[in-house]
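*Asks:* Each chain is listed here by its residues.
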Amino acid sequence: MKKIAGALALLILFGYLLMVAVYLHPFGEPQTEDMDKYFIERGQAETGANNIVTSIVFDYRGFDTLGEATVLFSAVTGVALLFKKKKEVKE
Amino acid sequence: MRALSKIVRTICNLLFWFILIFGFYVIMHGHLTPGGGFQGGAVVASAFAMVFVAYGITKAVDLVKEGSFTVAESSGLLAFIGLAFLGIGTAFFYNFLAVGRSSLLPNLFSHTPHGINPGDLNTAGVLPLMSLAVGLEVIGGLGAVVYIMYLNRGGDEE
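Chains as they are written, first to last, in the numbering used here: chain A, 1 to 91; chain B, 1 to 158.
The hints are simulated quantities; they were obtained by calculation from the structure and are not laboratory data. The C-beta atom is built at its ideal place from N, Cα and C for all residues, glycine as well. Check each hint, because a few of them may be wrong.
Restricting the straight-line Cα-Cα distance to at most 25 angstroms, the calculated cross-link-like pairs of lysine to any residue (SDA-like) are [unchecked claim]:
#1 A:Lys84 / B:Pro34
#2 A:Lys84 / B:Ala54
#3 B:Lys59 / A:Val79
#4 B:Lys65 / A:Phe63
#5 A:Lys37 / B:Ala54
#6 B:Lys59 / A:Phe83
#7 A:Lys84 / B:Asn13
#8 A:Lys37 / B:Ser46
#9 A:Lys84 / B:Met149
#10 A:Lys2 / B:Lys59
#11 A:Lys84 / B:Ala72
#12 A:Lys37 / B:Thr33
#13 A:Lys84 / B:Thr33
#14 A:Lys3 / B:Asp62
With beta-carbon atoms standing in for the labels, derived distance ranges [said to hold, decoys possible]:
#15 A:Lys3 / B:Ile81: 52 to 60 angstroms
#16 A:Val20 / B:Gly115: 31 to 39 angstroms
#17 A:Gly28 / B:Leu20: 36 to 44 angstroms
#18 B:Asn117 / A:Tyr38: 33 to 41 angstroms
#19 A:Leu17 / B:Ile11: 39 to 47 angstroms
#20 B:Leu20 / A:Tyr16: 26 to 34 angstroms
#21 B:Ile7 / A:Asp36: 49 to 57 angstroms
#22 A:Ala45 / B:Glu66: 21 to 29 angstroms
#23 B:Leu121 / A:Ala21: 39 to 47 angstroms
#24 B:Ile11 / A:Gly78: 30 to 38 angstroms
#25 B:Thr90 / A:Glu68: 40 to 48 angstroms
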C-alpha cells in the first residue's frame, strides 16, 4: 500500500513537472524587462564595471551583500564558540 | 592528525601558490569577469585548507597563528562597511569613486568604454576595493572555520 501511494505521488509529481516544463515561458524572454533593460543599458555607464552582476551585487544592491557578509561573520562566530578549546573549558 | 605522505606534501607545495594566484585573480577581476570577493575568497581559503590537511595539525599551528584569520575577517568586514559609509554624502553604498563623481581624485580611475570590451582593471571606482574587502573577509571567515574545526576536533587528539 505504501509503495503504491509512493509510486502514485511520484507519478503525479512527474506529470506535473512535465506539464510545467512544456508550458514554461521561453528562455531569454522575460515577462517584464524594465529592470533588466535599465541594468543592461546603464549599468556600465553608472558604475563603470563591465560585469553587470558585480555592479548589482556591490553597487545597486549593496545592502544585500552587507547582509551576506554579516551572515558569514556571525556563522564564523558561532563555529568559534561551538568549537571552543577544551582546555579553556576545564579551567 | 599526522602529516600525509611526502608525495602529497610535495604536490601541495607546488599547487598552493597557483591556487593562491588564481584566487586573488578572481577577487581582483570581480568587476570584469565572473567571480568576485566571495568566490575568490573561497578559492584562497581552500588553498589553506589543503595545506592544513597535507601537513597535519602541528605544522598548521606553526604556519598560521590562531588569530590571523579572525583579524583578516574582521578587518575585511570593517573595510567593507567603511567603504559603504564613505559614500554616505549621497547615499549608503554610493559609488563615490566612479569616473566623474569624485571631486577629490578625479583621475584615479579611468573611463569605462560602453559596449562589449575586454575591460580595464583600473575602472569601476569603489567596486574592486569592495571586492577586495569582501574577499579578505571570506578568506578569514572560511579559513577560520577550517582552522578552528581542525584544531579543536574531538577523537584522536594527542
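*Asks:* Give a verdict on every hint.
*Replies:* Do the hints match the structure? See the list:
This hinted pair does not check out: Lys84 of chain A and Pro34 of chain B have alpha carbons roughly 37 angstroms apart, beyond 25 angstroms. With a CA separation close to 23 angstroms, the supplied pair Lys84 of chain A and Ala54 of chain B stays within the 25 angstroms bound. Of the supplied pair hints, the one linking Lys59 of chain B and Val79 of chain A holds, its CA atoms being roughly 22 angstroms apart against a limit of 25 angstroms. Using a Cα cut-off of 25 angstroms, the hinted pair Lys65 of chain B and Phe63 of chain A is violated, with the two alpha carbons roughly 32 angstroms apart.
Straight-line distance between C-alpha atoms of Lys37 of chain A and Ala54 of chain B comes to about 49 angstroms, which puts the hinted pair past the 25 angstroms bound. For the hint linking Lys59 of chain B to Phe83 of chain A, the alpha-carbon distance of about 20 angstroms falls within 25 angstroms, and the restraint holds. Among the hinted pairs, Lys84 of chain A with Asn13 of chain B is inconsistent with the structure: their alpha-carbon atoms are about 30 angstroms apart, more than 25 angstroms. Straight-line distance between C-alpha atoms of Lys37 of chain A and Ser46 of chain B comes to about 37 angstroms, which puts the hinted pair past the 25 angstroms bound.
Annotation: proposed proximity of Lys84 of chain A to Met149 of chain B holds, straight-line Cα distance about 9 angstroms (limit 25 angstroms). Taking the CA atoms of Lys2 of chain A and Lys59 of chain B, the gap is near 55 angstroms; set against the 25 angstroms cutoff, the hint is violated. Annotation: proposed proximity of Lys84 of chain A to Ala72 of chain B holds, straight-line Cα distance about 19 angstroms (limit 25 angstroms). Taking the CA atoms of Lys37 of chain A and Thr33 of chain B, the gap is near 20 angstroms; set against the 25 angstroms cutoff, the hint holds.
Distance hint between Lys84 of chain A and Thr33 of chain B is unfulfilled; the C-alpha atoms sit about 39 angstroms from each other, more than 25 angstroms. About 57 angstroms separates the Cα atoms of Lys3 of chain A and Asp62 of chain B, which puts this hinted pair outside 25 angstroms; it is violated. Between Lys3 of chain A and Ile81 of chain B the C-beta distance comes to about 56 angstroms, which sits within the given range of 52 to 60 angstroms. Remark: the range hint 31 to 39 angstroms for Val20 of chain A to Gly115 of chain B is upheld by a beta-carbon distance near 37 angstroms.
Distance hint for Gly28 of chain A and Leu20 of chain B: a CB-CB separation of about 38 angstroms, consistent with the stated range 36 to 44 angstroms. For the hinted restraint 33 to 41 angstroms between Asn117 of chain B and Tyr38 of chain A, the CB-CB distance of approximately 20 angstroms leaves it violated. As the Cβ distance of Leu17 of chain A to Ile11 of chain B is approximately 44 angstroms, the hint placing it in 39 to 47 angstroms holds. At roughly 48 angstroms, the beta carbons of Leu20 of chain B and Tyr16 of chain A sit outside the given window of 26 to 34 angstroms.
The hint said 49 to 57 angstroms for the Cβ distance between Ile7 of chain B and Asp36 of chain A, and at roughly 51 angstroms that hint holds. At about 47 angstroms, the beta-carbon gap between Ala45 of chain A and Glu66 of chain B misses the expected band of 21 to 29 angstroms. Taking 39 to 47 angstroms as the suggested C-beta distance range, the pair Leu121 of chain B and Ala21 of chain A conforms, at roughly 42 angstroms. Range check, Ile11 of chain B to Gly78 of chain A: Cβ separation about 34 angstroms, and the 30 to 38 angstroms hint holds.
Our hint of 40 to 48 angstroms for Thr90 of chain B and Glu68 of chain A is violated, since their Cβ atoms are close to 23 angstroms apart.
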